[in-house]
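Using the sequences provided together with the hints, build the complete structure.
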Amino acid sequence: MATAIPDLWPELEQSQIVPPVAILREQATALGKKTNHLLNGRVDTRIGYDGKFRHTFYIVAPTLDDYSYELFWIEHGADQYPVKVQGPPSNDIEILERSLDSEQELLGYIRAVLNSEKTKRVVSSLLAQVKATT
Amino acid sequence: MVTFLYWNLNRKSLEAEIGTLVQAYQVDILVLSEFAAGPVSLLERLNSGPRPEFHYASGLCERIRIFTRFSSDFLRPTFENESISIRRLRMPARLEILLVAVHLQSKLFQSEDSQAFQCVEVARIVGEQEQKAGHGRSLIVGDLNMNPFEKGLVSANGLNAVMSREIASRKTRTVQSKEYRFFFNPMWAHFGDRTGRPHGTYYYDRSEHVNYYWNVFDQVIVRPDLMDRCDGDGIRILTRVGEDSLLLDDGRPDSRNFSDHLPLLFEVEL
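Residue numbers (my numbering), protein chains in the order written: chain U, 1 to 134; chain E, 1001 to 1270.
No lab work stands behind these hints: they were computed from the structure. Any given hint could turn out to be false.
[Unchecked claim] As a list, the in silico DSSO-like pairs of lysine-lysine whose alpha-carbon atoms are at most 30 Å apart: (1) U:K33 to E:K1132; (2) U:K120 to E:K1012; (3) E:K1178 to E:K1151; (4) E:K1012 to U:K52; (5) U:K52 to E:K1178.
[What the hints assert, rightly or not] One-sided excerpt, in silico: chain U residues whose CB lies under 10 Å from chain E: (6) Y49; (7) K118; (8) R121; (9) S125.
Values in this document were obtained by computation on a predicted structure and should not be read as measured data. Glycine included, each C-beta is placed from N, C-alpha and C at the ideal position.
Here it is as structure tokens:
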């Protein structure tokens, strides 16, 4: 009788780190709630040729024929940090990239993007167009 | 015919020059990047004649500004980000197209590989918008900050933009079992030392081993479905505005008085 091959895995635990994409999805949901779904957030995830995960955050206006504005993206490898981001969001001509090492840094970055004058302009302009066309 | 003018203004105002070009060539759609002036003052200039017909086709891509001779309702944006503004051009009794206005990142801040990856993104976004629009009639115009022969422009998963109509008319090519749609890039024909024409749209000279001097960064690229409606030979790189030359005596763009890029003029039959 053959000997049973043992399960060599240890007890598996899920990482306690909040995945960066979960933070983005939460902001996408929050935008819909704040605007009565006149605008929604959408997060698309793709895996690049280099194996990195890229999550892109869009603002979508369903009543404007699903017009989409790409607000920002973040990118990371199998380890969730560091996260590569574009920045600073106020830079209007050249977009530089930088690396964030922790959830706290990522939260700070996303807060800065969402609170930037540019994002406020985009949201306010889209809301005005949505209301003018409905 | 619908007449288009594209110009990267290098953050100059140049309202008088734009007004002269629009009037001289009866431009219908004006696409600008690095536009420093406000849309209001340019609109006033464009509409200073007896028939005020120009409109500002507003959008949220701050690097691109578009003005039209017809109602901006016919040129609504469907997708935008920092560098791209995609509009559905839907005029009554005319063929609908997707106008993809771009101003991609400069070589000063990105490696050639990063620029190529950016083209992969552009190609993906255009593909998505074509699927949404239900047709493949896209026209890309703008400052790509890359020459037609660079990886991002020619790679299958990039813009897949070829120099030959014959090849583009095959519509797609297959690489490693995946099918990629072609673009036709008529700007290949605008390199070199041909009499009476500039050698590119942008001049750059620096002391390093590889230096092209003249570049064709400003381009018009069309899907095969639009090829027969856009006369590649008719694309003009303009060097004069009225009596003024946009070039210095040595033939380089006069970036002190005008822009470091030359404007593109072309027509599309819709």
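Status of the hints after comparison with the structure:
A C-alpha spacing of about 26 Å is found between K33 of chain U and K1132 of chain E, which places the hinted pair at or below 30 Å, so the restraint holds. A threshold of 30 Å between alpha carbons decides the hint, and for K120 of chain U with K1012 of chain E the separation of about 27 Å falls inside it, so the pair holds. Using a Cα cut-off of 30 Å, the hinted pair K1178 of chain E and K1151 of chain E holds, with the two alpha carbons roughly 18 Å apart. At most 30 Å may separate the alpha-carbon atoms for a hinted pair to count; K1012 of chain E and K52 of chain U exceed this at roughly 39 Å.
For the given pair, K52 of chain U sits about 21 Å from K1178 of chain E by alpha-carbon distance, which is consistent with the 30 Å threshold. With 10 Å as the threshold, the beta carbon of Y49 of chain U comes within range of chain E, its nearest partner Cβ sitting at about 8 Å, so the hint holds. A cut of 10 Å between beta carbons decides the hint on K118 of chain U: the least distance to chain E is about 8 Å, and the hint holds. A distance limit of 10 Å between C-beta atoms decides the matter here; for R121 of chain U the minimum to chain E is near 8 Å, and the interface restraint holds.
Look at S125 of chain U: its Cβ gets to within about 6 Å of chain E, closer than 10 Å, so that hint holds up.
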